[in-house]
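Engineer: Here is what each chain is made of, one letter per residue.
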Amino acid sequence: MGVSTAFEQAHADDRAALVGYLPAGFPDVDGGIDALRAMVDAGCDVIEVGLPYSDPVMDGPTIQAAAQQALELGVRTTDVLRTVEAVAATGTPTVIMTYWNPVERYGVERFASDLASAGGAGLITPDLTPDFAPEWIAAADAHDLDKIFLVAPSSTEERIAMTTAACRGFVYATAVMGVTGARTTTSDLAGPLVARTRAAAGDLPVGVGLGVSTGDQAAEVASYADGVIVGSAFVRVLLDHAGDRAGGLRALAALTADLADGVRRAR
Amino acid sequence: MTTSSTTPGAPTSYLADDKGWFGTFGGRFMPEALIAALDELDIAWQKALVDPTFGLEFDALLQNYAGVPSMLYEAHRLSDLTGARILLKREDLNHTGAHKIRNVLGQALLTKRMGKKRVIAETGAGQHGVASATAAAYLGLDCTVYMGEVDTERQALNVARMQLLGAEVIPVTSGSRTLKDAINEALRDWVASVDHTAYLFGTAAGPHPFPSLVLSFVRGIGDEARQQCLDLTGRLPDAIAACVGGGSNAIGLFAAFLDDPEVAIYGYEPGGDGVETGRHAATIHAGDVGVLHGARTYVLQDEDGQTVESHSISAGLDYPGVGPQHAHLSATGRATYLPVTDKAAMEAMALLARTEGIIPAIESAHAIAGVVELAKERPGQTLLVNLSGRGDKDMGTALDYFGLGRAEPVADPQAATPEQQ
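If you read the sequences in order, they're chains A and B.
Here the working numbering is used: position 131 in the first sequence is 797, and no number is missing along the way.
Here the working numbering is used: position 264 in the second sequence is 271, and no number is missing along the way.
Because the hints were derived from the structure by calculation, they are not lab data.
Because the structure is a prediction, the values reported are computed rather than measured.
We put the CB at the ideal spot given by N, CA and C, even for glycine.
Hints may be right or wrong, so weigh each one.
A few chain A residues that face chain B, going by a derived Cβ cut-off under 7 Å, partial list only [as the list claims (entries may be wrong)]: (1) Ser720; (2) Val723; (3) Met724; (4) Gln730; (5) Asn767; (6) Pro792; (7) Asp793; (8) Leu816; (9) Ala818; (10) Ser820; (11) Thr840; (12) Met843.
Could you build all of it, start to finish, from the sequences and the hints given here?
Structural biologist: Below you can see the structure in the form of structure tokens.
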């Protein structure tokens, strides 16, 4: 099932969709599945499962720390697919967010096939742009998977048009020039970027990521975007509850509920 | 020099196409947020390449400031010892002590042209960081250098040099705390600072246009050496050799000879404790094709595509990737890449010191060690080696390795290398 159903449902409710991210294998594989399910139960419309990678150049310290912990505990690509399967079984569209090399190493066609078999909706590729993605685009199309590429404030109109044309599911707008991480204020670059992207995207939903950590911020972003993407704030909750799984899940559910409320009161 | 050092030679099948592909290697696997900056850099560089003013400015800076062209030195005693005629391209005599100054002066001049006021750089051994700090000081740019915490410890002298030159040195504590993590951190800085900051990439690797751009600034090594060899010997060398970490000194030498099929080309990779031990950085020899830092190339990685920590006694070669043009040269068979162990490199360092009175960087000592072996296969032939850097920065490592530095005669480096004597 693609992510478009979740965006269509949110649109029908006259609100933005809440997209929640955690890396697989954090705090461990089963704990990560529990955490993602808690986020589904508390109101995430789409789940992004991060594939932990040794060289995450787009990630700030929070997600780096979680990915490193997952890798030190030995998380494998197959564990990521298992996580997708467990979360997708809830009926919530679930995508993988991954740097490119692990996919290439797994085998692009094999990865697409196994992701589809696990019930995954598609892939977000932060270091793969459509002009260098012919193999992935072919594999995704063959397996009916969403292809979510990124646009940035620095993207030219030509590149936004090229990128949105290659996307299926939604287009991921990085709202700030910088790595992932919660920020106290949302970027003033986000609104103009969404407007430029929407002009090129047609009916393709526009999700905004990087920096959102509170319901108020989510409401602000939801006033102009189709989706609000939250990652580091969820990771931070689990990092702050290391050794207290039950407390971590409760805090995760509370944050999700706050954010889910935010995306509903924007309009 | 009568022609600009940035003038590319005639196009060959070994150069990249306009998307940065060297055959199936290279390309640009980067976050969208950095694509505009890479395009801006590409356009500024393409304009500079055909602008005689830029070429003259770059050449003048190399000659009057960096000490280029470096000499081609005939190593008579080493030749006598090995039975081959060994010529050393003395990049170690350049200002700041390595070939790296060519690259940073070119990139820093481009930075000025683009109107940016700040440069960032990653560094392993510190040579590229020192060169970047030097170029920034000379051209009045702010400079921040990212250096793995492990490397700041084994290359403390270079940290001090960078600081004295006015650069900010940031120790990188993520991942393996070495060169690859310094690159990660520099990229993280760049994605947030790209509107006013240029990234002086330190080797002929990374996303397009860096491999080709860096080559254009260092290819003077080979262009000069080719002519110097013709002047000295009346013919081309039988083989050329260089050490390969990321591979900028090597590609700088190799480029001028790629279309001379009679010249054999050897790249010597850091074999660490020995490739069979798994503790090495011999990326082409023992790695697999993958994507690292923006390019498809050979990568030391596990079966899930996670980068594996590399090991080399030489911080400047301690990198789990390699420039994509080298991957292409290996795959096409144009160049041969072989590992040289830490031990062999250190022995070669001592050997060159004792036979020629030249203390090479440990990086460059890998090439010396390789050529000492190569001489056995090629007796009487002319072997041209890039002596890419000097060993001053490595005296701490040499002191520990050979047990040097005490006033009492308790250890003799020759005693540590009996087979060389």
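Engineer: Going through the numbered hints above, which ones does this structure break? Give me the numbers in ascending order.
Structural biologist: Of the numbered hints given earlier, the structure breaks none, since each of them holds.
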